[in-house]
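S.K.: If you want the building blocks of each chain, they are given just below.
Number of protein chains: 2
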Amino acid sequence: MQSPQKLTQLTETHRPTLDQALEAIRTRAYWSPHPEHPKAYGESAAADGLAAFEALKNTRFDLSDQPGTDGWVGGSASEGGEVSPYGPELGVSYPHADVEVLLPAMRAGMGAWRDAGPEARAVVCLEILARISARTHEFAHAVMHTSGQAFMMALQAGGPHAQDRGLEAVAYAYAEQTRVPEAADWSKPQGKRDPLNLSKSFVAVPRGISLLVGCNTFPTWNGYPGLFASLATGNPVLVKPHPRAVLPLAMTVKAAREVLAEAGFDPNLVALAAERPDEGIAKSLALRPEIKIIDYTGSTSFGDWLEAHARQAQVYTEKAGVNTVVVDSTDDYKGMLSNLAFSLSLYSGQMCTTPQNLLIPRDGITTDAGAKSYEEVVGDLAKSVGGLLGDDARANALLGALVNPDVKARLDAAAGLGEVALPSREVTHPDFPDATVRTPVIVKLDGAKPDAEAAYMSECFGPVSFAVAVDSTTAALDLLRRTVREKGAMTVGAYTTSPEVERAIEEVCLEESAQLSLNLTGGVYVNQTAAFSDFHGSGGNPAANAALCDGAFVSNRFRTVEVRRQA
Amino acid sequence: MQSPQKLTQLTETHRPTLDQALEAIRTRAYWSPHPEHPKAYGESAAADGLAAFEALKNTRFDLSDQPGTDGWVGGSASEGGEVSPYGPELGVSYPHADVEVLLPAMRAGMGAWRDAGPEARAVVCLEILARISARTHEFAHAVMHTSGQAFMMALQAGGPHAQDRGLEAVAYAYAEQTRVPEAADWSKPQGKRDPLNLSKSFVAVPRGISLLVGCNTFPTWNGYPGLFASLATGNPVLVKPHPRAVLPLAMTVKAAREVLAEAGFDPNLVALAAERPDEGIAKSLALRPEIKIIDYTGSTSFGDWLEAHARQAQVYTEKAGVNTVVVDSTDDYKGMLSNLAFSLSLYSGQMCTTPQNLLIPRDGITTDAGAKSYEEVVGDLAKSVGGLLGDDARANALLGALVNPDVKARLDAAAGLGEVALPSREVTHPDFPDATVRTPVIVKLDGAKPDAEAAYMSECFGPVSFAVAVDSTTAALDLLRRTVREKGAMTVGAYTTSPEVERAIEEVCLEESAQLSLNLTGGVYVNQTAAFSDFHGSGGNPAANAALCDGAFVSNRFRTVEVRRQA
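Chains A and B are the protein sequences, given in the same order. Per the numbering used here, residue 1 is the first one in the first sequence, and the count goes up by one each step. Per the numbering used here, residue 1 is the first one in the second sequence, and the count goes up by one each step.
Warning: the hint list may mix true and false statements.
You can't tell identical chains apart in this list, so a pair holds if it fits in one copy or across any two.
[To be verified] Below, computed lysine to any residue pairings styled on SDA-like, alpha-carbon distance capped at 25 Å:
#, residue 1, residue 2
1, 283, 542
2, 283, 311
3, 6, 77
4, 283, 309
5, 39, 373
6, 192, 46
7, 39, 307
8, 192, 4
9, 192, 406
10, 6, 130
11, 39, 196
12, 449, 289
13, 6, 394
14, 188, 331
15, 192, 511
16, 283, 184
17, 192, 342
18, 6, 88
19, 383, 332
20, 334, 194
21, 57, 390
22, 283, 307
23, 283, 308
24, 6, 87
Think of the hints as simulated: they come from the structure by calculation, not from any bench.
Make a model of the complete structure from these sequences and hints.
M.R.: Shown next as C-alpha cells:
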C-alpha cells in the first residue's frame, strides 16, 4: 500500500530540488545539485565506496524479491561474467528472468503508480537519485570497472553528471504531464439559453513497460535519461544492461526497487533483465507486445533495427556518428591546441561526442601566433597531445582503459589508414597491469583523395582522429554538411576568427541539425555537455533520433486521457 | 524580403489572441475567438460567401505563382473533378505540380522562415487563420459540397471549429519552441579558480517539408492541426487534398501563400499537390527524402502503410476505430435517448467520433423511468432517432449527404447483419434532388454470438449503429476493453448511475488510453470535441497515433540547435 506519510516526506525533501530543476531547464543557466568533487561526499565516502564495491565482487547480486528468476548469469569470466577493462574479474552473478513471469509482474503496479500522479512519481524518482548520489563513490568503482573510464571520470560522468541527466528527465517529465490541469470546468455560452457545462478531468497515463538497453561505455549517463523519463511518466522500466556493464545498472535497479517499496509502490516497477552470453535478449524483448517504449544507446545497426522492427514501441536511439571539428583560424592557437588535445584524449576517445575528423585547410590557417601550415597545425596538435599525455600518471588519469578488444583492433588498424602524425603509445597502469591503456593516434588524410573517404566518412570509435587536409574552409563546410547529413554527428566544433565563416558554419549546423561548439580554448570541451543547459545530440541527424533532454524526449512516453461529465 | 513593419503590425494584431490561446490550453476552460453563429460574420457574409463559392465553380483555381505546374487536374466529373455529394459538379481545375520543381522551391524559403523565430511564425499563422475566418461562409460552401456535411455543420465544423484547432496547434507550437530561451549565459564555478563561462544560443530548426494528406469528410478540421503545427515550427507544408475534397484546402493554401508573401516570406512555404484520378501521389510523396513530416487522416490500411514505410518522416495518423457507448443505467432516460439519437444522426454518422456499438445488458437497465429491458431501450432509441429525423427539413439539416457510394453500400449491407431495430430512411433534399440523404440504421446484435462479432468488431463507417446485447455491464466492459485495444477508439461514451461502474469504466479507458464522455444527456455530444479543452483522440490506442493537440503533436516537428561559445 502507498504510504502517504512517506510521500509527504519525500515531497518536502525533494520538491525544492524539482523546482530548481524546472527553473534550470527554463533558463538553461548553470545548475547542479550533485557535487563533482569526490571529497564532497564526506570523510569516509572514498573508503566506504571502495569497500562496498569490493564486497559486491564474487557474489550473487541480491535482487531476491524480483519475480521470475529462473537461474543466474554473469559470474566468472569463463561463465561470461563481467571483467574489468582494468583486468580484474568482477565475478558478480545476476538473476536471470523468465520474462513470461517478470513482465506481468511489472505491469501489476502500474495502476497505483499512475494514480499517484506526476508529483509523487517525480519525488520518488528524486529519492532514487538521492540514494544513488549518496553512493557516488561506490558507483564510480562500478562504472570504472565496467566502462574502463578512469576513476575521476567514472565518478563525475558516472555519478553527478549521470544523476543530473536523470533529474533533468524527471523535470521534463513533470513539466510535460502538468501542462494540462488535473481538472477543468468548461462552460460554453449559448446566447440566451443556459450555457453548456462540463466538468473534465485529465490523467497522464503510461504507455506500458519501458525497456532500457544499456551501453558499455556510459551505463548510467546514457541510461538514466530514458529510465527516469519513463518511470516519471508512469511506466515500469525493464533494464537490460550491456553484458559487460551490468553492475552499475543492477545497483540502480536495486536502489529504485528499495525506494519504490518504501514509498508503498510495487518494487517490480523497475526490474533487471541480465542475460546469458550470446542470449541476445534485447532483440526478443524489443518485440514483445508489453514493451511500449525503448531507450537504446549503441551501434547504428541495432538502433536502426529497433526503429524499423519494434513498431509497437516508441523508440529512442543514440547511435554512431562522425564528429567534426572545422579549423579555420584562431586568436588563441595555444588554447585551441590544448583544448583539442584534451578532447581527443579524454577516455581514449571512447565518447560518442569525441571529435574524429579535424578539417584543416591544406594551405594552412591564420592564428595569433602567425600563419600555420597544415603540417604545422597537425604537428603542433600532435605535440600538444604528446605533452598532455607524456606523464604516465596523468595519461592514466585522462585516458582510462580501452573498453574492449574491438576498440584496440580499430586503433591498431588506424595506423595503416594514412600517414601517422602521432603514434599511439602504450601506457602502463601502476595498479592494474592488465589494463589496456593507449594514447590516441592522429592520422593524416587527404580529403580530396577518394580512398581516404572510406576512413573519414565512417565512425572509428576509439582513440583515433583524422587530420583531414581540405582545399579550403568552404570545402570543409561542404564536407561537414555531407558528414552530418549522411553519417550523423553528436557534436560539431569549429575555430574561426571570421564572422562570415562563423555564420556559414552556424548555417550548416542549423540546416543539418547539429550541436555546435565555437572557439573552445579553455576548460570546456566539445565532448562534454551539461544537463539542464546543453542538449546532448539534436535528434535531427542520423546520430540520434532524440535529444537529451527536450519536450519530445518525454511527451510521447505517456498519453493524456480525459474524462468529461455533464456538470 | 521580410517586412518588419508588416510583422510588427501582425504581432500587435494577433499577439493578444495568441496569449489567450496559450492561457486556454493551460486552463482548458471554454474559449474560442471564432464565432459559431453564421450571422456573426456580418450582414452580407452569407450572400458574399455563396457568391464567392459560386464564382469558383467551373474555373481554373488561381495558384499561378506556384512553381512547377505541369498541367491541370480536376475539372468536370468525367475528367475526375470534384462532384458535390449534393449532386452538382464543382468543375474546378487545379494546377498539377512537378514535384521535382516544386519541392526544391518549397525549401528555398526555409532559412528565412526559421530565422524569423517562433513569434513571427505564430502571428503569420494567425493572420492566415484570420483571413480564412473572414471567409467562413465561402469555406462553408466549399466544405459542404466536398464533404456532404449539411450547411450549418460545414460552417461550424469546417469554419470556426477547424480554425480553433489550427490556432490551438499554433499555440502549442509556440509554447514548445519557447520553452528554451533564445540565449543563456552559463557560468560554472570552479572553486578558487575563475568560473567556466559560455554564452549559448538556441534555435528551433525545422525538420523539412511537411506533407498533409487530407481527408474527404473534414478537409479543414482534420487538416488544420498538422498544417499549422508544421508551419508554425518552421516547416514548409505541401498540402495533398483528398481528390474529392480539394477546394477547401486549395482555398487554404491560397490564403496562406498570400499572407506569407505580404509578410515578406516565400509563398512557396505552403503549396498544393492536387492529383490526377488514380495517380496515388500520396504514396510516392510520402517516401520522398525531402518529406520529413506527414499528417494523415483516413483508412487504417494507408495509415499503417505510412507508419511502416515513410521511415524518413515523423508520421501522425488518425485512422479507423470502433467507438463504443456502454449503457448501464441512467437517471435521465429521456436525456440519454435524445443525446444518443443526435450523436448517431449528426452528419449521418460519418464522423470518426460517432458511436458505433451501443453495449446494452440483455437483462435491461435501471432508469429514472423504471427498469427498461434491452428491447425497450433499443426500441425507445429507435423511436428517439425516428422522432429527431421525422421532419425532412430537420433531417436534412442534421444528416447532410452521404459522402460517397462506399458509405451507401455499407449502409445497405448493414440491414443484413442482424435484426433491424430502426430501418434507414431515404430523405429528399428540397434543393439538391441528387443528394443521397439517409437516416441511420440501428441493427440488433447478440454480443455472445461469434457470428455477430465480425460485424461489431470492425468499423462500419457511416450511419450504422449496432445495439449489442451483452450479458452484463461487466461483459460490456470486457468487450469495451477488447474493442479499444484491438480496434482503437476515438471516443467512448457511458451511462451509469453507479459509482462503482463509473470507476470501472474509467479504469478501462485509462488503461486502454481512450477519451471518455460520461452521462451526456444535454447539448454536448460524445462525437464533438472542443479545441483548447478537449483532446481529440489519445494517440494511445490503434485509432490514432497522435492526439489533437498536445505537446507530443508539436515537439518532434522541430529540433533545437544550440551554438555555444566561450564567453
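S.K.: Quick one: which hint numbers does this structure break? Sort them smallest to largest.
M.R.: Per hint list: 3, 5, 7, 8, 9, 12, 13, 15, 16, 18, 21, 24 violated.
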